[in-house]
Amino acid sequence: QAGLAAMPIVGLVAFLIGVILSFQSAIGMEKFGAITFVGPLVSLGIFRELGPLITAILLAGRSSAAFAAEIGTMTVNSEVDALVTAGLNPIRFLVLPRVLAGLVVAPILTIYADLVSVFSSSLTMLIYGVPLVNFYEGVLNTVVLEDIFSGLTKATLFGVVVASVGCLRGMQTGTGAAAVGISTTRAVVSSIVMITVVDGIFAYVSYRTGF
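According to the numbering used here, the stretch in the sequence shown is residues 5 to 215, in order.
Hints were generated in silico from the structure; no laboratory data involved. Please note that a few of the clues may not be correct.
Unchecked claim - Ranges between beta-carbon positions, derived for each pair:
#, residue 1, residue 2, range
1, 182, 96, 27 to 33 Å
2, 31, 185, 39 to 45 Å
3, 176, 101, 32 to 38 Å
Ideal placement from N, C-alpha and C gives every residue a C-beta, glycine not left out.
Work out the full structure: start from the sequences and follow the hints.
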């Protein structure tokens with residue numbers, strides 16, 4: 005549910021990102037007569053970095069906030085305490101399913117975002133006279149499985165982070181009418197900060213290992 009609900013906004017943003025990146029890259033590349041390199045350049049950036057990052061940020065704004073609101077409301081209404089009283093582990097019944105959902109959904113949405121962005125980039129490059137065949141040939145010759153795997157690995161980590169932070173903030177919800185709203189806001193902000201930190205660490209590790 006978290007993944008399906010996010011697909012329209014992820015698709016829209018990914019489409020626009022592909023268009024914007026292509027136009028901005030083409031402005032500089034055209035001056036050097038290297039317009040045919042825009043497709044491979046943009047696609048490489050999308051698969052390795054922008055696809056996973058944009059998807060994770062959108063999931064933070066939607067799914068992490070939703071998780072925090074759901075669990076936060078249950079906490080305020082003492083439903084979490086009721087689970088404990090009944091001998092049920094709230095981590096197992098509330099947190100684990102959502103973390104697993106983030107683990108599965110984030111890579112799938114990232115693949116979807118990658119394909120949409122590359123597609124919109126190819127349409128944009130038609131304006132500059134680059135045929136679709138030439139565009140996709142350049143992409144296939146540049147983007148390798150290692151680039152795709154790197155992006156999907158990053159997306160998986162982001163998915164776990166987004167879901168975990170949302171659940172954590174929900175469990176930390178205090179009492180009062182404003183508590184759920186505060187937890188939701190904190191979930192979004194914390195998720196984006198953690199995504200940035202994880203991305204930075206991943207970039208450093210990739211640089212050191214050549215991955």
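Evaluated hints:
1. 182 <-> 96: 27 to 33 Å: With Cβ atoms ~29 Å apart, the hint holds.
2. 31 <-> 185: 39 to 45 Å: holds (42 Å)
3. 176 <-> 101: 32 to 38 Å: violated (19 Å)
Consistency note: the structure conflicts with earlier hint 3 alone.
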